[in-house]
Amino acid sequence: MTMRRTTGARWFVRRQMGFGFRPATWQGWVLTLVAVGAAVALVVVLRRSIAALIGVVAILVVYQGIAALLARGAGPAGRVVHPAVDGSARVDTTPATPAALATPQAFAAPPALAIPRASATPLAAPTPGPVAAAAPAPDGAPPGLGAAALVVDHLTKRFGERTAFEDVSFSIAPGEVFGFLGPNGAGKTTTVRTLGTLIAPTSGTAVVAGIPLTAENGTEIRQRISIMPENPGLYLRLTVIENLELFAGLYGLRHPGARIDRALEAVNLTERGHDACGSLSKGLRQRVGLARALLSDPAIMFLDEPTSGLDPVAAREVHDLINDLRQRGVTVFLTTHRLEEAERLCDRVAILNTRLRSVGSTDELRESLFSRSLVVEIATPLEAPGDVFTRTAGVDSWRSDVASGRADATAGYVLSVTDPRAAAPAVTRALVAAGADVLSIAESRHSLEDVYLELIDEDPEAARR
Amino acid sequence: MRLNGGRLAAIVRKEFRVLLRNRFIIGTMSVLPVVFLLTPMIEIFRLGADVPSSLVQRVAGSTFLLLLVVPVVVPAAIAAYSVVGEREQGTLEPLLTTPLRREELLLGKAIAAIVPSVGIAYLLFAIVDGCAQLFAADPAVASALVQSSQLVGELLFAPLLAGWSIWVGIAVSARASDVRVAQQLGTLASLPPLGVVALIDLQVLTPSVTLALAFALALLVADVVMWRIVAAMFDRERLLTGARAQRGPGGGDRDVSPGVVRRIPRI
Numbered sequence: 002m003t004m005r006r007t008t009g010a011r012w013f014v015r016r017q018m019g020f021g022f023r024p025a026t027w028q029g030w031v032l033t034l035v036a037v038g039a040a041v042a043l044v045v046v047l048r049r050s051i052a053a054l055i056g057v058v059a060i061l062v063v064y065q066g067i068a069a070l071l072a073r074g075a076g077p078a079g080r081v082v083h084p085a086v087d088g089s090a091r092v093d094t095t096p097a098t099p100a101a102l103a104t105p106q107a108f109a110a111p112p113a114l115a116i117p118r119a120s121a122t123p124l125a126a127p128t129p130g131p132v133a134a135a136a137p138a139p140d141g142a143p144p145g146l147g148a149a150a151l152v153v154d155h156l157t158k159r160f161g162e163r164t165a166f167e168d169v170s171f172s173i174a175p176g177e178v179f180g181f182l183g184p185n186g187a188g189k190t191t192t193v194r195t196l197g198t199l200i201a202p203t204s205g206t207a208v209v210a211g212i213p214l215t216a217e218n219g220t221e222i223r224q225r226i227s228i229m230p231e232n233p234g235l236y237l238r239l240t241v242i243e244n245l246e247l248f249a250g251l252y253g254l255r256h257p258g259a260r261i262d263r264a265l266e267a268v269n270l271t272e273r274g275h276d277a278c279g280s281l282s283k284g285l286r287q288r289v290g291l292a293r294a295l296l297s298d299p300a301i302m303f304l305d306e307p308t309s310g311l312d313p314v315a316a317r318e319v320h321d322l323i324n325d326l327r328q329r330g331v332t333v334f335l336t337t338h339r340l341e342e343a344e345r346l347c348d349r350v351a352i353l354n355t356r357l358r359s360v361g362s363t364d365e366l367r368e369s370l371f372s373r374s375l376v377v378e379i380a381t382p383l384e385a386p387g388d389v390f391t392r393t394a395g396v397d398s399w400r401s402d403v404a405s406g407r408a409d410a411t412a413g414y415v416l417s418v419t420d421p422r423a424a425a426p427a428v429t430r431a432l433v434a435a436g437a438d439v440l441s442i443a444e445s446r447h448s449l450e451d452v453y454l455e456l457i458d459e460d461p462e463a464a465r466r
Numbered sequence: 445m446r447l448n449g450g451r452l453a454a455i456v457r458k459e460f461r462v463l464l465r466n467r468f469i470i471g472t473m474s475v476l477p478v479v480f481l482l483t484p485m486i487e488i489f490r491l492g493a494d495v496p497s498s499l500v501q502r503v504a505g506s507t508f509l510l511l512l513v514v515p516v517v518v519p520a521a522i523a524a525y526s527v528v529g530e531r532e533q534g535t536l537e538p539l540l541t542t543p544l545r546r547e548e549l550l551l552g553k554a555i556a557a558i559v560p561s562v563g564i565a566y567l568l569f570a571i572v573d574g575c576a577q578l579f580a581a582d583p584a585v586a587s588a589l590v591q592s593s594q595l596v597g598e599l600l601f602a603p604l605l606a607g608w609s610i611w612v613g614i615a616v617s618a619r620a621s622d623v624r625v626a627q628q629l630g631t632l633a634s635l636p637p638l639g640v641v642a643l644i645d646l647q648v649l650t651p652s653v654t655l656a657l658a659f660a661l662a663l664l665v666a667d668v669v670m671w672r673i674v675a676a677m678f679d680r681e682r683l684l685t686g687a688r689a690q691r692g693p694g695g696g697d698r699d700v701s702p703g704v705v706r707r708i709p710r711i
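Sequences listed follow chains A and B, in order. For the numbering used here, add 1 to where a residue sits in the first sequence, where the first one is 1. For the numbering used here, add 444 to where a residue sits in the second sequence, where the first one is 1.
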């Protein structure tokens, strides 16, 4: 067992000659003095006793044991310097094996913290690791996907008889904001937990931040991602800063104070840093959760309902923050029920209902589900609308649009077209030729909500649920 | 297995901060030792100047036993709260999403519980011995309390008994779904090692340095074994979802045949 510290100097080092460890820092010397003091005290108290000898030996053994732990198993050789996510060099004292050197340490490191630009510290540029570069892009990959930030391939998770999600495949490009939508119980949170190495998949594979999803890689993957659960899970007796200090320590961040300040600044919580989390409103706690997720400068951020419980202004700030993250190259995996939020923020969305129902940009989903159409409003109903529309080039079919007809005797028609830009002038000319007074002509837009409902309603899984 | 000192220190620091902010825990940790201190003090001061040595030895033995109950009882509540408490307040999942290893989490929590417990135990021992040296009517009382076997016993047993109590408490906590149940079971399950000390007190076993060292060695082995057992029992998947982790192509902590998921009965 070796104790390993990613930051700071080692308290003890292995002796070059002889055996055992010697102090290397003042902390090590303090520990050594304590051990010597305890041994002397024991000898003084237990003069001429076998217990004194045994006690001194015990102290020596314990002291060397502690020294070995604090030396983190470092020998004279075997230092590997890895570029850390924060751009600083990180000394790893594990032996320099070829396998260790092949680990994609610097893959997809985001170019900067999600912090106000003025105070941003330049970080390491994204460097695709060998695994990521070789990772195949399955179905649902965005166009031009090079080294994907996240590749999920036929991933399935079952809890006994119950299937949480099944045969899920998609890819996310670095810097993409990816929306993950679905009804309650669709498997969204389980998917996030699986990709976050919290639970094991039943079958399928995934590559997260350039690292294959395996039990052995769990720590490495978690070092490169951050997950913000729907419930921020803060220690309510601790202050905001103390909560963040804990997580800065768990991620082994250098200069945690500066990181914490910038994370708090990013979520506009600088003034509340010394307040106990228990005294914060739900919305403010959510912001602390976001600050915590930003702290480690992750390659991928999994945000589960980040605007849940936030007022509109705070929600807008979170949206701005996510946009800022996108611009800085951080990949965001956004789980949300707020469809307008997904439509506004996400480059692409996936709709999950145990199985993946669809993946693509909202425009692509609209086009795949709904035919393109023009909505026409004229002053009075046409006497023979069929004659007008069936003879017009570009119009595939038509129907009366009752909803667009108003009480003041206007009439509406919905025309199914292949290319609205080409069909609209022809339709206008045909209407004018038929003597109609055209009030408006526009392409109809289906919202993401329409897409979502269409996909979920036709899903037999939803009917069973 | 490699432990990261920075992560370990972060957990220990957090645990200390949470403990110090909780008045209920501080109160319990302060009151219990005082209760344990009162009985031996009264016993010692009741002894006159000319009491039989057998009585002095009996009082010294029972005092020693009582002082060793302190490191067992004091950390039990903290240990029992450690995992199930994190689950109840919703802080476990955020912790598990970090690079923290389960061994680091558990060891950090154990260190944070053992330090105050052993500190209190040593302090009580020093107070009792000091008072006996200064105020006992019979000097034999003082020398009976400061025998080398008892001194070695206290120095070694206090951290080891506390360690046992803590690992048992954490093990129960990792399986329990309710803090109160965990605390009750944790306290009960931590008591068995005191049986040996009770046997010494009842003169069934003769106290000696050799016996103290042998018992300490046995406790040390038990502590290390318990740590490994508790670490193996700590299953991220089960703690988050209630189902034991299965071994698929990746993730998870444990090796279980693919497709086999067992519901783990909660305590």
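Don't read these hints as lab results, they were simulated from the structure. This structure is a prediction, so every number in the text was calculated from the model and none was measured. All residues carry an ideal CB built from backbone N, CA and C; glycine is no exception. Fair warning: there could be bad hints in the mix.
Residues on chain B that point at chain A, a partial pick, calculated with CB under 7 angstroms [to be verified]:
id, residue
1, 451
2, 482
3, 537
4, 541
Hint check, failures only: 2
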